[in-house]
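A.B. asks: Read off the chains here:
2 protein chains.
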Amino acid sequence: MGGDRAPTEIVAGARLAADEGIPVLLVGPPAQVGDTAGLDLLACTEVIAMDEDPAQGVRRKKDSSLVRSAELVRDGLASAMVSAGNTGATMASALLRMGRLRGVSRPCIATPIPRLDRPPAILVDAGANAECTPAMLVQFAQMGAAYAAERYGIGDPAVALLSIGEERTKGTPLVKETAAALEAGVPGVRFVGNVEGRDLLDCPADVVVTDGFTGNVALKTAEGTLRFVMGLLLGVFSTDEETKAAAAVLLPHLEPLVRVLDPDNTGGAMLLGVDGVCVISHGSSSATAILNAVRAAHELGTGGLVERLAKAVSPA
Amino acid sequence: MGGDRAPTEIVAGARLAADEGIPVLLVGPPAQVGDTAGLDLLACTEVIAMDEDPAQGVRRKKDSSLVRSAELVRDGLASAMVSAGNTGATMASALLRMGRLRGVSRPCIATPIPRLDRPPAILVDAGANAECTPAMLVQFAQMGAAYAAERYGIGDPAVALLSIGEERTKGTPLVKETAAALEAGVPGVRFVGNVEGRDLLDCPADVVVTDGFTGNVALKTAEGTLRFVMGLLLGVFSTDEETKAAAAVLLPHLEPLVRVLDPDNTGGAMLLGVDGVCVISHGSSSATAILNAVRAAHELGTGGLVERLAKAVSPA
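Quick note, the sequences are listed as chains A and B, same order. Residue numbering for the first sequence follows our numbering, starting at 42 and increasing by one per position. Residue numbering for the second sequence follows our numbering, starting at 42 and increasing by one per position.
What the hints contain is simulated information worked out from the structure, not anything from laboratory work. All values derive from a computational prediction rather than experimental measurement. Just to be clear, a hint being listed does not mean it is correct.
No copy labels: a pair is met if it fits in one copy or bridges any two.
Below, a list of computed lysine to aspartate or glutamate pairs in the EDC-like style, where the Cα atoms sit at most 16 Å apart [to be verified]:
#, residue 1, residue 2
1, K211, E93
2, K217, E296
3, K103, E93
4, K211, D94
5, K352, D316
6, K211, E340
7, K217, E207
8, K211, D92
9, K103, E87
10, K217, E237
11, K211, E237
12, K211, E172
13, K285, D76
14, K352, E191
15, K103, D305
16, K103, E208
17, K103, E61
Same shape as in the complex, but just chain A (with noise of 0.2 Å):
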């Protein structure tokens, strides 16, 4: 339900996993859900509002569909959840019914972030914990590092900070705290000093570490930026005959590199450090976006992420 193109595109890119041999289960109100393209639908009665709170949504609504796909998975019905809803009610609806993984002091999100020739730096915490302590960040490190390893087979991932230099004298006390401990060394993280805003696309590092409020800014304002320049170029492309005529020759250079770029394509963040597999898919999913969202939903719910980021923050 969740989204500004659902259920339409929802329940497009659900058919499309389907197509492909990936069990889907819709889970949405009949009436509002409407055709179901032949999916199964899990009937509920409520939905959260993208603009609900999300504690209060998830308490009072216990028969949303947020809440009853949390449900699923901690049941073991289902391998994971995807939603392109109410991100706050997305992670409490998780954090909630599937429980927090042993040892996890928050969970967090890990979003991707392009890069060339490569598979994407992860970014964590992209947006669930706008007030965080370094204990919170060196876990965000070990949950990001087995999380690259996982998803891309990046063997011993690098880690870095986000800071606003390279320096060690620079940042918050927040951030000179946090590079202090992973120096000091943390099992399964191998540190490789702080990066700052600029390199985040395209990152040398491939899990970057930050505070949810500081990751959430950069993430939107990279996509700010990246969406700034795209619409500029569309306009000039289409100026006139002779640059439509230009474009044409040089969209099909362009076009790989969009794909690399666009959102839609990384299949969504995860909620790393509950019980449970859960993608968070952004708020204008297309269904190639639940596509991408669902295919890494399956691949990470049947595999052994849950597990891997389990043993990431036990004590040694």
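Knowing the structure of chain A, use the given hints to seat chain B on it.
C.D. replies: Chain B only, in chain A's frame:
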């Protein structure tokens, strides 16, 4: 002496400004400056390096180009200083030699963020204070609004707070408390609510307020994303003879956009809250960047910026 391309590009930019009739005085060790292109040089014996600890540098190197420049402004021998060098040391020199404006808790860095067909928006703080209180952010809002009005002639500028959602429930305690204070009414500040990272480019608000850590990450993320996309485009343009011909058709249309987005054309960042005009040009400043920075310094140094800022922060 500052920046990656000093002294050649700095002197060249100063020369261009002098050719426009702006009186420019270089400051530096004669042997290191070399050819002054006919400009006057105030000789000093020391230079604070780009990677040197700012506070220590300013304390120990009393005859450095940065400290001497700030003294020239303090003593009324210069209307403004411009540096592309060590940002921390530039701020420390200005703060220690010019002093703080009466009533200012902490000076902040105001950086222009490009907009199309309008003067740029102003980001405060873009990196001077990694840790901030709500009271500091309220002052940044006041100084940012005064600066937008003075420099770009924006009457009654719209002031927004950078957060991770438009809703008041989102963000850090710092953001929530600052929003409450701005909503309650602050003299000289027309508060229009929160903006997100995705709004930074071509921003609907004229002034965006944030702490120096978040501001610096956001600014560098936007710059890095722009540079990344430009690099990809140039790569596509130069693929073969056909793409080169297509690029030649598009370039006249792209050039005005590149001009708007190029930080060399914005005239640099401004340190607000010290008793004098101090322009901070980026470390990779070209002669064009320095020319524009000197133009801004001249305009603001001979205008009423400092008085306007003093008035903006003084109790009603």
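A.B. asks: Hint by hint, say whether it matches the structure.
C.D. replies: Now for the hints, and whether the structure bears them out:
In this assembly of identical chains, K211 and E93 lie within 16 Å of each other by CA distance solely across copies; the values are 12 Å between and 38 Å within a copy. Taking the shortest Cα distances, K217 and E296 never come within 16 Å of each other, neither inside one copy (41 Å) nor across copies (41 Å). Taking the shortest alpha-carbon separations for K103 and E93, only the intra-copy value of 14 Å comes in at or below 16 Å, while the best inter-copy value is 58 Å. For the homomeric pair K211 and D94, the shortest alpha-carbon distance between copies (10 Å) is at most 16 Å, but the shortest distance inside one copy (36 Å) is not.
Taking CA atoms no more than 16 Å apart as the test, K352 paired with D316 passes inside one copy only; the shortest distance there is 12 Å, against 56 Å between copies. In this assembly of identical chains, the alpha carbons of K211 and E340 never lie at most 16 Å apart, being 40 Å within a copy and 32 Å across copies at closest. Taking the shortest Cα distances, K217 and E207 sit within 16 Å of each other inside one copy (11 Å), while across copies they are farther apart (30 Å). In this assembly of identical chains, K211 and D92 lie within 16 Å of each other by CA distance solely across copies; the values are 12 Å between and 37 Å within a copy.
In this assembly of identical chains, the alpha carbons of K103 and E87 lie at most 16 Å apart only when taken from the same copy (8 Å versus 69 Å across copies). Only within a single protomer do K217 and E237 lie at most 16 Å apart by alpha-carbon distance; the minimum there is 14 Å, versus 26 Å between protomers. Only within a single protomer do K211 and E237 lie at most 16 Å apart by alpha-carbon distance; the minimum there is 11 Å, versus 24 Å between protomers. With identical chains, the CA atoms of K211 and E172 are at most 16 Å apart between copies only, with a shortest distance of 11 Å across copies and 19 Å within one.
When the C-alpha separation of K285 and D76 is checked against a cutoff of 16 Å, the pair qualifies neither within a copy, at 39 Å, nor between copies, at 49 Å. Proximity of K352 and E191 under a CA criterion of 16 Å is satisfied intra-copy only: 12 Å inside one chain copy versus 57 Å between copies. Taking CA atoms no more than 16 Å apart as the test, K103 paired with D305 passes in neither setting, with 30 Å inside one copy and 55 Å between copies. Within a single copy, K103 and E208 get their C-alpha atoms no closer than 49 Å, and across copies no closer than 24 Å, so neither meets the 16 Å cut-off.
Proximity of K103 and E61 under a CA criterion of 16 Å is satisfied in neither setting, with 32 Å inside one chain copy and 71 Å between copies.
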